[in-house]
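**Student:** In order, the protein sequences belong to chains A and C. When the first sequence is numbered by this note's numbering, its final residue is 323 and no position is left out of the sequence of numbers. When the second sequence is numbered by this note's numbering, its final residue is 285 and no position is left out of the sequence of numbers.
In case anyone wonders, no lab produced these hints; they're calculated from the structure.
Covered stretches of chain A (in silico footprint by chain C; criterion: 3 or more residues with CB under 8 Å from a CB of chain C, positions within the stretch not fixed):
#, segment
1, 66 to 78
2, 99 to 108
3, 111 to 117
Pairwise CB distance ranges (calculated):
#, chain 1, residue 1, chain 2, residue 2, range
4, C, L278, A, G119, 27 to 33 Å
5, A, G194, C, N204, 40 to 46 Å
6, C, L221, A, E30, 41 to 47 Å
Note that the Cβ used here is the ideal one computed from N, Cα and C, for glycine as well.
Residue-level listing of the chains:
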Amino acid sequence: MRLPRKLPSLRCVIEAVGLTKRYGEKVAVDGLSFEVQPGIVTGFLGPNGAGKSTTMRMLLGLDRPTAGSASINGRPYERLRAPLCEVGALLEARAIHTGRSARNHLLALAATHGIGRRRVDEVLDLVGLTQVAGKRVGGFSLGMGQRLGIASALLGDPHTLILDEPVNGLDPEGILWIRTLLRSLAAEGRTIFVSSHLMSEMSLTASHLIVVGQGRLIADASMSEFTASAGRTVVRVRTDEAPRLRDLLAADGVSVTSTERDLLTVSGLSSAEIGKVAAEARIALVELTPQQASLEEAFMELTRDAVEFGTPMEEAAL
Amino acid sequence: MTSIAMNPDARLAVTQSRAVVSEWIKFRSLRSTWWSIGIALLISIGLGILFSDLRGNDLASHGGFEPDQTALTLRGFYLAQLAVGVLGVLFISGEYSTGMIRATLSAVPKRVPVWAGKIAIFAAVIFAVTLVAAFIAFLGGQAVLSAYQVHGIFLSGPNGNIGFSPGSAGTVHSLGVSISHPGSIRAIFGAALYMVGIGLLGLGCGFILRNTGGAIAALFGLVLVLPLLAQALPGSMQQHVTKYLPLIAGTAGMNTVSSTDQLAPWAGLGVFALYVVAALGIGLLVLRRRDA
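The shape of chain A in the complex, shown without the other chains:
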C-alpha cells in the first residue's frame, strides 16, 4: 500500500455543526456537533437507531441535513474536487450493483476521478479479491462484499476513511481481517471515523470516542478520559429480597440494574453504603462485591436512557 500523503496542519478533518435530520415527526439526528481530529481512530458509538448511519450519510452529502452542516477538510462534501481522494467511505448497506463484476465496479468508480486501472488492481489485491475480480458481485458472500466495499473506499488512496459498522454481520475471520486492516491503516497515520454499536469493538481500535443516543451527542472524549469517568465502581449485591433493596437504594445518582432475580448491580454507592442500608432494613445479603465496570458496561450505562428500543428485561427480572 502506498503511504498516505502528509497532511497539512488541520484543525479537524470532519466537522459537524448542529447537524439535524428529521423524517416527518421523527428526529433521527438532533443538533449534533463534533469534530474528528486527523491521524487517529475516532469511534462513533451508539445503540442501533441512534442516528449514526444518517449522520455518516450526511457527511458524505448523500442525505441533506434538515439543519446544520457538515464539512470534510473544511468544505462541504459536494464541493470536493476529488472526493474519493479525500475520503473513502464504507456504508452499512451494500452499495454495489449485484450484476457487475468486482473489477468493473471499481473501474466505474475509478473512472469518475481518472484513477487508473493499476490502482484498481492494487486495491483488489489489497483486499484479497484478485482471484474473483471477474466474478459478478451477486454471488459474493457478505464478507467478500465488505472487502469490495473497503476496496472502493481505498480506491482514491484517501487520508480519511468513514466506515459504518464495518464488522456487522461478518464471520470471525472477516471481523479479524477488518480489525487488522483498521490497525494497519491507522498505523499509516490515516484518519479513521468508524461507527459501531459495540463498545468492545471500539476499545480495540479507537483512541477517541463520540457517543450518540437518540440522535444527540452523549459524550465526546478520548478513550482514556472515557474509561476514567465512566469506569466508576459498581457493586454486585446478591440477596433474596432484591426488589425491596432496590427500592431502598433508589436515589439521585444511583443506578440499579438486575440481570438475575436475586442479583443487583449498583453504581453510585459504595459497598459500605449499600451494606448499611441493607442492615438498617434487616435485609440479609448473600454477596456484596465491588467491581470495576468494563467499558461495555460504562457504555450501556451512558446510553441506557437513550436506547430507542430498550428491552424491558431489567424490570421483568424483578
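Please arrange chain C on chain A, whose structure you already have, making use of the hints.
**Tutor:** Frame of chain A; chain C shown alone:
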C-alpha cells in the same frame, strides 16, 4: 490550505467527461444491457422482414398495394420499444435497487454529471444501434417486398402516389422501394430517434420514481395506455388530443405517407421530445434534492 494541497496529483478530479466514461463502464458491464439491445435488434429486424413477407404474399395473391412500404418494414420497432424503454428505466433504477447509487453519488457528489453522463451514453449507444437496426430492417424488408409483384395503375398526386388501382390492365410493379424513396431515410432516422426518446423517457421515469416496476408501469402507461384511453373521448376532441400523445407524436417520423391522424414528422418528434425533456428535467430536480 485547500483540498488541492492534500492531493498533489491534481489530475485526479471529477469532470463531466470522466462521469461519462464511468457511465459507459457501468452501462456495458451489465448483461441486461446486451440482452435488451440484442432483443431490440432481433425484434425490430425480424418483425420488419416477417411483416414484409406476409404483406407481400397477401398483396401478390389478392391484389392491392402497400401505400407505405417504409413504415411497414419499421413496424417491429413498436415492439422493440419495450426492450429499449425497460433498458432506459433499469439504467438508473438498477442503481437504486442495489444501493449502487450511494457509491455513484459518493464519487460524484454534484450529481448533475451522473444525470448528464447517463443521458449521453444511453442516447449515443441506442441511436447508433437502432439506426443500424432500422437500416437493416428497411433494406431487408424491401428486398423481401421486391420479390412480390402486383399489377395495377398508380394514381399520382402532387406528393407522390396517392392511390393505386389494381387490375391486369396496369403495368407490373415491384412492391419494394429503394432507399432513395421520398421520406424513407427520414423515417429510418425517425425510428432511431423514437427509440432514443422512449429509452430516455424510461430513464426519466426511473430518475423520478427510482423503482423499477413503478417506472416501467409509468413509462408504458404513458406510451401505450394513453392512446387507448383517448379513444373514449368524443370524436372531435379525440382527434385533437391523440396526435399529441407520446406514442402517436413520436412515431409520426416513421411514416412516409402523411395522415390527418398524426402530426407532420418533425413536428411529431418535436412534441415527443418535449415529453422526454420534461421527464428528464423533473428527474434532475428530484435527483438533486432527494436523499440518496
